[in-house]
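Produce the entire structure from the sequences given, and follow the hints as far as they go.
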Amino acid sequence: EAGVAQSPRYKIIEKRQSVAFWCNPISGHATLYWYQQILGQGPKLLIQFQNNGVVDDSQLPKDRFSAERLKGVDSTLKIQPAKLEDSAVYLCASSPVAGETYEQYFGPGTRLTVT
Amino acid sequence: GNSVTQMEGPVTLSEEAFLTINCTYTATGYPSLFWYVQYPGEGLQLLLKATKADDKGSNKGFEATYRKETTSFHLEKGSVQVSDSAVYFCALQQAQKLVFGQGTRLTINP
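If you read the sequences in order, they're chains A and B. Per the numbering used here, residue 2 is the first one in the first sequence, and the count goes up by one each step. Per the numbering used here, residue 69 is the first one in the second sequence, and the count goes up by one each step.
It should be emphasised that the hints constitute simulated quantities derived from the structure, not laboratory data. On a predicted model such as this, the values are computed, not experimentally measured, just so you know. Accuracy of the hints is not assured; some may be wrong.
Claimed, not checked - To give a feel for the contact side, a few chain B residues facing chain A, derived at Cβ under 7 Å:
1. 112
2. 114
3. 157
4. 170
5. 171
Claimed, not checked - Think about it this way: if two alpha-carbon atoms lie no more than 16 Å apart in a straight line, the pair counts; the simulated EDC-like pairs of lysine to aspartate or glutamate are:
6. B:165 to A:64
7. B:124 to B:137
8. A:84 to A:64
9. B:165 to A:87
10. B:117 to B:83
11. B:145 to B:83
12. B:165 to A:86
13. A:16 to A:86
14. B:145 to B:110
15. A:45 to A:57
16. A:12 to A:87
17. A:16 to A:87
18. B:136 to B:122
19. B:117 to A:104
20. B:120 to A:104
All C-beta atoms in this analysis are idealised placements derived from N, C-alpha and C, irrespective of residue type, glycine included.
This is the structure:
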């Protein structure tokens, strides 16, 4: 079974530029998550999708971050414009809908450096 | 809100030493508890989990017991190896949301 795919793996941009990350979850997984992991901290949930609908985006900085999952499969996270404090690893995870204790499977992440 | 607190790192041990990484949590109700591991250059992997009080999760020689009375889920291993060097994250899950601790970097010296 193929895992969660993310691209690119690394990205360096200047502040005020835009950037987009792509995620393809495990086939058949209805739930998709985007996390932000700042160096030295644990991952923090940015947004959760169930199929193509948003379940929770309470911690997404909506003035600059946006995400979509148009067909309920792959997803894109965008930052526009980027700030220095957005430097982090962006993790995508997916899980099947099978009750409260299902496991989330993580992709390798995209490391973003904003200069 | 829900939160997870892990012992401060980094932790450095010699091979074959006993390992404990402390984790405590704050939550309403009864969350599921997890330990994730992040090896250098790799993504997060689930190491073990426990879904109810007194459950013991185990994998690859690691163990952790869900202690409701002390709201703890400490990670232990009897004899660590160099290959266990990684960052370890304690996490709780409730209402489909994972909340992570800050991570503990573990280095094992031969």
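Each hint tested on the structure:
1. 112: 4 Å, holds
2. 114: At 6 Å from the nearest chain A Cβ, residue 114 of chain B passes the 7 Å test, so the hint holds.
3. 157: OK, holds: residue 157 of chain B within 7 Å of chain A, min 5 Å.
4. 170: 5 Å, holds
5. 171: Since the shortest Cβ distance to chain A is 5 Å, the answer is holds.
6. B:165 to A:64: 23 Å, violated
7. B:124 to B:137: Judged against 16 Å, a Cα distance of about 15 Å means the pair holds.
8. A:84 to A:64: 12 Å, holds
9. B:165 to A:87: 22 Å, violated
10. B:117 to B:83: The hint is violated at about 25 Å.
11. B:145 to B:83: Roughly 12 Å between the alpha carbons, so the hint for residue 145 of chain B and residue 83 of chain B holds.
12. B:165 to A:86: Violated, at about 24 Å.
13. A:16 to A:86: 9 Å, holds
14. B:145 to B:110: 22 Å, violated
15. A:45 to A:57: Distance of about 12 Å is within 16 Å: holds.
16. A:12 to A:87: Roughly 12 Å separates the two Cα atoms, so the pair holds.
17. A:16 to A:87: Satisfied, since the Cα-Cα distance of roughly 9 Å is no more than 16 Å.
18. B:136 to B:122: OK: residue 136 of chain B and residue 122 of chain B at ~7 Å, within 16 Å.
19. B:117 to A:104: 9 Å, holds
20. B:120 to A:104: Distance of about 15 Å is within 16 Å: holds.
Checked against the numbered hints listed earlier, the structure breaks hints 6, 9, 10, 12 and 14; every other hint is satisfied.
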